[in-house]
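Protein sequences appear in the order of chains P and R. Quick note on numbering: the first sequence equals residues 0 to 120 in numbering that gives the first Met the number 0. Quick note on numbering: the second sequence equals residues 0 to 407 in numbering that gives the first Met the number 0.
Keep in mind that the hints were calculated from the coordinates and are not lab data. Nothing here was measured: the structure is a model prediction, and the numbers come from that model. Careful: at least some of the hints might be erroneous.
Stated by the list, open to error - Listed next, with one range per pair, are the computed distances between beta-carbon atoms:
no.: 1; chain 1: P; residue 1: Ala92; chain 2: R; residue 2: Lys278; range: 52 to 60 Å
no.: 2; chain 1: R; residue 1: Lys278; chain 2: P; residue 2: Ile61; range: 51 to 59 Å
no.: 3; chain 1: R; residue 1: Lys278; chain 2: P; residue 2: Lys105; range: 46 to 54 Å
no.: 4; chain 1: R; residue 1: Val262; chain 2: P; residue 2: Leu102; range: 33 to 41 Å
no.: 5; chain 1: P; residue 1: Ile61; chain 2: R; residue 2: Glu318; range: 44 to 52 Å
no.: 6; chain 1: P; residue 1: Asp76; chain 2: R; residue 2: Gly403; range: 55 to 63 Å
Claimed, not checked - Derived DMTMM-like pairs: lysine to aspartate or glutamate, alpha-carbon spacing no greater than 25 Å straight-line:
no.: 7; chain 1: P; residue 1: Lys101; chain 2: R; residue 2: Glu340
no.: 8; chain 1: P; residue 1: Lys57; chain 2: R; residue 2: Asp6
no.: 9; chain 1: P; residue 1: Lys101; chain 2: R; residue 2: Glu331
no.: 10; chain 1: R; residue 1: Lys208; chain 2: R; residue 2: Glu224
no.: 11; chain 1: P; residue 1: Lys105; chain 2: R; residue 2: Asp362
no.: 12; chain 1: R; residue 1: Lys280; chain 2: R; residue 2: Asp180
no.: 13; chain 1: R; residue 1: Lys104; chain 2: R; residue 2: Glu115
no.: 14; chain 1: R; residue 1: Lys208; chain 2: R; residue 2: Glu223
no.: 15; chain 1: P; residue 1: Lys105; chain 2: R; residue 2: Asp371
no.: 16; chain 1: P; residue 1: Lys105; chain 2: R; residue 2: Asp10
no.: 17; chain 1: R; residue 1: Lys344; chain 2: R; residue 2: Asp362
no.: 18; chain 1: P; residue 1: Lys17; chain 2: R; residue 2: Glu14
no.: 19; chain 1: R; residue 1: Lys217; chain 2: R; residue 2: Glu274
no.: 20; chain 1: P; residue 1: Lys105; chain 2: R; residue 2: Asp30
no.: 21; chain 1: P; residue 1: Lys105; chain 2: R; residue 2: Glu331
no.: 22; chain 1: R; residue 1: Lys194; chain 2: R; residue 2: Glu223
no.: 23; chain 1: R; residue 1: Lys75; chain 2: R; residue 2: Asp60
no.: 24; chain 1: P; residue 1: Lys101; chain 2: R; residue 2: Asp362
no.: 25; chain 1: P; residue 1: Lys101; chain 2: R; residue 2: Asp371
no.: 26; chain 1: P; residue 1: Lys17; chain 2: R; residue 2: Glu103
no.: 27; chain 1: R; residue 1: Lys217; chain 2: R; residue 2: Glu308
no.: 28; chain 1: P; residue 1: Lys57; chain 2: R; residue 2: Asp362
no.: 29; chain 1: P; residue 1: Lys57; chain 2: R; residue 2: Asp10
No residue lacks a Cβ here, since even glycine has one placed at the ideal position from N, Cα and C.
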Amino acid sequence: MSELFVCNAAELVEGGRKLIANGADQIGVLRAGGALHAFLNVCPHQGGPVCEGLVVHKVEEIIDADKTYRGMRFNADVLHIVCPWHGWEFNIATGRCAGDGKLALKRYPVIERDGGIYVAI
Amino acid sequence: MRIRSSDPAYDLHIEGYNTSHHLGNARKQADARGLDDVLIVDVDCHHYETDNFEPILEFIDDPALRHIALNTYKYKGPAAMLYDQPGYQDVGGRVTRYLTRKGEKIEETGGHREVEQTLRWMNALSVDYACLFPTPMLFLGLHPQAEVEVALARAYNRWITEVILPSNPRLRSMLYLPFNDPEATYRTVNEFAGKPGVIGFMVVSTRYKPVYENAYMKTYAFLEEAGLPLSFHASYHWNDQLTSLSNRFITAHAVGFTFFNAVHCANWVVNGLPERFPKLKVIWIESGLAWIPWLMQRLDNDFRMRTSEAPALKRLPSEYMRDMFYTTQPMEMVNNQEALELTFKMINADTQLLYSSDYPHWDMDLPSTIWDLPFLKEQSKRNILGLNAKRVFNLDISNQFPNGVKGG
Ligand code: FES
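Using the sequences provided together with the hints, build the complete structure.
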């Protein structure tokens, strides 16, 4: 296992992201939900640049105790990253596809050490 | 360009949007698969005629209507003439190119911006020839004023044949038919057939005009004689009474995009139009593929019980449907590949299926959706991606493939 330097830790604030090259591949590194995440910038759908997409909280329905619908809201505990080609959403914490849990992004371990951020490949 | 998130910390800022960059991974796919050596004809892709709406409105013949259109456009934009509807194809900014595409910087190399932007995505996808269609005009079939559809159809058809198509031989179109007016429809095919880049004509399916009306027969006869395909391009309209039963765009789209094509196709077959126009090439566009086995089975089952209601038919309805052509997108690639494989068999995909991307719309399909299918032989992939279209449209591909193309 080797490590790729991403950037200085201070450069990647909450909501920030960096794209780094790994040979011909690109890896997207994001700080979101207070943690660092790294994914291959290739969506399992048709190969879109998923790491360049919108980070947004999961949407959920509000259903009352009597089963009636009361609208929608964002779930403040679950962040998604959305592939910009067609809109597939992925849970940032797990990399799993929100619409089909059998599919997932390729994840890499991220290390924050001595003021630097590294991806293990 | 700022795209809002659920929390400002995650707002997405996209500066310098560039189609080639957006589709960089598509270019990598094409390289990895050697698709530049494969003829790829995209039978259904789009531009936004609203990007050039004022110049198009200038082409309206009727001076009074043109006057209204141009003045109203100043404050109301394209809704001055088009039949707008609610909806958010970009899923609220998630499909980012909807918001960013308009601000894309295009070098002024003498070509029309429209053409340059189109060539960018074509090159990324390795598409050799693209059949361009408009976008919001796909909702015009429900416009309450038939004369507006007639006027805009001619204005758009003149604009695309005079301004866009002549500028690059890789661009083609099946021109918009003002189908709510059968006489204007006939005039359109007479006027525009044979113009450079015109490879057929297109009916927007979302409308309440039955395809079997006698008034259309001379148009069908003309197209059959000219060897030009007639296509039915699906769309939806959320204001349509049936579609308005849906409260979410996903339902309006999933159902709405198949419904009108299914009804028109059933009417086409049951009224024996394939017997009346056996050489007319009919193409069903952008309803995906899953609806075809459904309709084949429904019609075959009913036909054997109610043969007297479709006396023109000499074969089963599904057999006529198997002689028709279908575009691939949006191909329902769900987790049941057996269903897809069976669908390909049921429609004789090897000869009848035509690749389409629908780019730049949100549910676009890359050529890899065909190239990577494990159940297809290489020749079938080549047929679907381009060779079938070459045959159907009688395409001259010599500018892209001066030495011919493998498998063709
Ligand atoms: S390629 Fe990512 S959503 Fe389609």
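Each hint, compared with the structure:
Checked against the hint of 52 to 60 Å, the C-beta distance between P:Ala92 and R:Lys278 comes to roughly 59 Å, which is consistent with it. The hinted window of 51 to 59 Å between R:Lys278 and P:Ile61 holds, with their beta carbons roughly 58 Å apart. For the pair R:Lys278 and P:Lys105, the beta carbons lie near 51 Å from each other, so the given range of 46 to 54 Å is met. At roughly 35 Å, the beta carbons of R:Val262 and P:Leu102 sit within the given window of 33 to 41 Å.
Distance hint check: the CB atoms of P:Ile61 and R:Glu318 are about 51 Å apart, consistent with the given range 44 to 52 Å. Between P:Asp76 and R:Gly403 the C-beta distance comes to about 59 Å, which sits within the given range of 55 to 63 Å. About 21 Å separates the Cα atoms of P:Lys101 and R:Glu340, which keeps this hinted pair within 25 Å; it holds. With a CA separation close to 12 Å, the supplied pair P:Lys57 and R:Asp6 stays within the 25 Å bound.
Distance restraint check for P:Lys101 and R:Glu331: the Cα-Cα separation of roughly 17 Å lies within the 25 Å cut-off, and the hinted pair is therefore satisfied. Taking the CA atoms of R:Lys208 and R:Glu224, the gap is about 23 Å. The hint holds against a cut of 25 Å. Annotation: proposed proximity of P:Lys105 to R:Asp362 holds, straight-line Cα distance about 23 Å (limit 25 Å). Straight-line distance between C-alpha atoms of R:Lys280 and R:Asp180 comes to about 22 Å, which keeps the hinted pair within the 25 Å bound.
For the proposed pair R:Lys104 and R:Glu115, the alpha carbon gap of about 10 Å is at most 25 Å, so the pair holds. The hinted pair formed by R:Lys208 and R:Glu223 meets the criterion: a straight-line CA distance of about 21 Å does not exceed 25 Å. About 20 Å separates the Cα atoms of P:Lys105 and R:Asp371, which keeps this hinted pair within 25 Å; it holds. A threshold of 25 Å between alpha carbons decides the hint, and for P:Lys105 with R:Asp10 the separation of about 24 Å falls inside it, so the pair holds.
Distance check on the hinted pair: R:Lys344 and R:Asp362 sit about 24 Å apart at the alpha-carbon level, within 25 Å; holds. Under the criterion of a C-alpha separation no larger than 25 Å, the hint pairing P:Lys17 with R:Glu14 is consistent with the structure, at around 15 Å. Using a Cα cut-off of 25 Å, the hinted pair R:Lys217 and R:Glu274 holds, with the two alpha carbons roughly 15 Å apart. Taking the CA atoms of P:Lys105 and R:Asp30, the gap is about 22 Å. The hint holds against a cut of 25 Å.
About 24 Å separates the Cα atoms of P:Lys105 and R:Glu331, which keeps this hinted pair within 25 Å; it holds. The suggested pairing of R:Lys194 with R:Glu223 holds, with an alpha-carbon distance near 17 Å, which does not exceed 25 Å. For a cut-off of 25 Å, the pair hint linking R:Lys75 to R:Asp60 stands: about 21 Å separates their Cα positions. For the hint pairing P:Lys101 with R:Asp362, the CA-to-CA distance comes to about 21 Å; that is within 25 Å, so the pair holds.
With a C-alpha separation of about 20 Å, the suggested pair P:Lys101 and R:Asp371 falls inside the 25 Å cut-off, and the hint holds. With a C-alpha separation of about 22 Å, the suggested pairing of P:Lys17 with R:Glu103 holds against the 25 Å cut-off. Proposed proximity of R:Lys217 and R:Glu308 is supported: the alpha carbons are some 24 Å apart, at most 25 Å. Taking the CA atoms of P:Lys57 and R:Asp362, the gap is about 21 Å. The hint holds against a cut of 25 Å.
In summary, the hint linking P:Lys57 to R:Asp10 is supported, as the alpha carbons are separated by about 15 Å, within the 25 Å threshold.
Violated hints for the displayed structure: none, as all numbered hints are satisfied.
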